[in-house]
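J.: This is what each chain is made of:
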Amino acid sequence: MLSMLRTIWTVFLHLFRRPVTVQYPEEKPYLPPRYRGRIILSRDPDGDERCVGCYLCSAACPVDCIALQAGEREDGRRYPEWFRINFSRCIFCGLCEEACPTYAIQLTPDFELCDFDRQSLVYEKKDLLIDGTGKYPGYNFYRVAGLAISGKDKGASENEDKPVDVKSLLP
Amino acid sequence: MQIVVVLGVLNAPLILAALLIWLERRFLALLQDRYGPNRVGPLGLGIVLADMIKIFTKEDWIPPFADRAVFILAPAVIVVTGLMSVAVIPITETIGVTDLNIGLLFFLAMSSMGVYSVVLAGWASNNKYALLGGLRASAQMVSYEVFMGLSLMGVVLLAGSFSLREIVEAQRDVWFIVPQFLGFAIFFIAGLAETHRLPFDLPEAEAELVAGFHSEYSGMKFGMFFVGEYVGVTVVSAMIVTLFFGGWMGPVLPGIVWFGLKLLFFILVFITLRASLPRPRFDQLMAFGWKVLLPLSLLNLVVTAGVLLLLKT
Ligand code: SF4
Ligand code: SF4
Numbered sequence: 001m002l003s004m005l006r007t008i009w010t011v012f013l014h015l016f017r018r019p020v021t022v023q024y025p026e027e028k029p030y031l032p033p034r035y036r037g038r039i040i041l042s043r044d045p046d047g048d049e050r051c052v053g054c055y056l057c058s059a060a061c062p063v064d065c066i067a068l069q070a071g072e073r074e075d076g077r078r079y080p081e082w083f084r085i086n087f088s089r090c091i092f093c094g095l096c097e098e099a100c101p102t103y104a105i106q107l108t109p110d111f112e113l114c115d116f117d118r119q120s121l122v123y124e125k126k127d128l129l130i131d132g133t134g135k136y137p138g139y140n141f142y143r144v145a146g147l148a149i150s151g152k153d154k155g156a157s158e159n160e161d162k163p164v165d166v167k168s169l170l171p
Numbered sequence: 172m173q174i175v176v177v178l179g180v181l182n183a184p185l186i187l188a189a190l191l192i193w194l195e196r197r198f199l200a201l202l203q204d205r206y207g208p209n210r211v212g213p214l215g216l217g218i219v220l221a222d223m224i225k226i227f228t229k230e231d232w233i234p235p236f237a238d239r240a241v242f243i244l245a246p247a248v249i250v251v252t253g254l255m256s257v258a259v260i261p262i263t264e265t266i267g268v269t270d271l272n273i274g275l276l277f278f279l280a281m282s283s284m285g286v287y288s289v290v291l292a293g294w295a296s297n298n299k300y301a302l303l304g305g306l307r308a309s310a311q312m313v314s315y316e317v318f319m320g321l322s323l324m325g326v327v328l329l330a331g332s333f334s335l336r337e338i339v340e341a342q343r344d345v346w347f348i349v350p351q352f353l354g355f356a357i358f359f360i361a362g363l364a365e366t367h368r369l370p371f372d373l374p375e376a377e378a379e380l381v382a383g384f385h386s387e388y389s390g391m392k393f394g395m396f397f398v399g400e401y402v403g404v405t406v407v408s409a410m411i412v413t414l415f416f417g418g419w420m421g422p423v424l425p426g427i428v429w430f431g432l433k434l435l436f437f438i439l440v441f442i443t444l445r446a447s448l449p450r451p452r453f454d455q456l457m458a459f460g461w462k463v464l465l466p467l468s469l470l471n472l473v474v475t476a477g478v479l480l481l482l483k484t
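Residue numbers (the working numbering), protein chains in the order written: chain A, 1 to 171; chain B, 172 to 484.
No lab work stands behind these hints, which were simulated from the structure alone. All values reported here derive from a predicted model rather than from experimental measurement.
To give an idea of the chain B side of the interface with chain A (calculated C-beta under 8 Å), a few residues:
#1 201
#2 202
#3 203
#4 204
#5 205
#6 206
#7 443
#8 444
#9 446
#10 447
#11 448
If you anchor each label on the Cβ, the simulated ranges turn out as follows:
#12 B:199 / A:28: 20 to 30 Å
#13 B:391 / A:34: 47 to 57 Å
#14 B:454 / A:19: 33 to 43 Å
#15 B:345 / A:12: 18 to 28 Å
#16 B:204 / A:114: 21 to 31 Å
#17 A:28 / B:379: 33 to 43 Å
Glycine residues also receive a C-beta, built at the ideal position from the N, C-alpha and C atoms.
Take these sequences, add in the hints, and give me the full structure.
T.: Below you can see the structure in the form of structure tokens.
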């Protein structure tokens, strides 16, 4: 009996607490930078597209909502000719981001993706590609990868030794 | 003039019932550290209108397996009996629909009639959950009815009348909450059970019985049960105010304001109880009623009568 009265009193005191509700549209909740929301494609610090069209994200996606077509530029860099994410299917699992070898595809803390039309939830490359580097500012895939492209030979990457000439006998 | 009062007094509980839905949701939310509905209109009051539009435009479906006539009758009964009880409540010296010399008995009779609504609804729905709800309601209300009446007899002894107006007049010096505290506590618990509000909402018990006796109801018929419940809350609060807290009496402010304030206070207490107490098991409920409250109310009656006799001689 006494515990009941105490319960009632405790509940009554809660009347004077601040409600914990976040009044959403006016008051935005804090979302950590690695929150998994709308997906973007980033560029490297030189302003070139990071995506190399390796299809890994598309393969990793559990709901198959990424589609792309790889192409190759004259200088040897690969890039996606088109890139399409269907956000009405995406479950924001972040697996694409984990699979991507070039940090190109990234999830952002923007979750406000509502739409009245299903079709407009299919984002094309122009909607996805941003001008910045996203969460990984300094990273440039072609600078650290061993792949040769025009203007950068084998062994010219950062922290990369010159290729060993296996035909030479000199040490 | 009288017709205005009658219409006013009878419509007020209905409007109040609609407002109570809003009040309950907001107040409950505040008790639970939330805001409640605060978007539609000022303070979220527009939700009352939105709720009404919603409930009036919903499909009103009568299940083919239900007992049609009784199914339709049941929700009407609870509102009618609730409003009938309102008729005997004296709001101020002058305002009040009627002043029966057996007002208190009339109230008890009407609240017993209200049980029919729940039982018939459970029966007519032809659904096992609804029937279980109806069964629980009948057992709970019949047993709580007994000492609800008995607990009030102390008040009747003190006032020497069954007329609610005279009972209020008898509290001019001291409110009956002081000499009749036990009676008040018992009546309060019985009133909770009578309106089957939480924590005594076993007839509904949505955790175990879907929605209890009104599982099969939809649209405005379902709404009627809610109107009935809120009218019930209002009536029981008004009775507590009238019988134990001196009705319209109070210093400075006019009677109607005092009555309203006291009424509001008890409605808020009802809501607070809903937010804080868990629902007891059914056998606990019955045992508590018959083994604790009934002897207590008898004791209260005997002691009150004895003391009165002593004072007289
Ligand atoms: S977040 Fe998951 S579901 Fe969405 S595109 Fe990436 S892998 Fe597919
Ligand atoms: S995994 Fe990265 S680099 Fe490969 S196709 Fe997807 S976004 Fe482009």
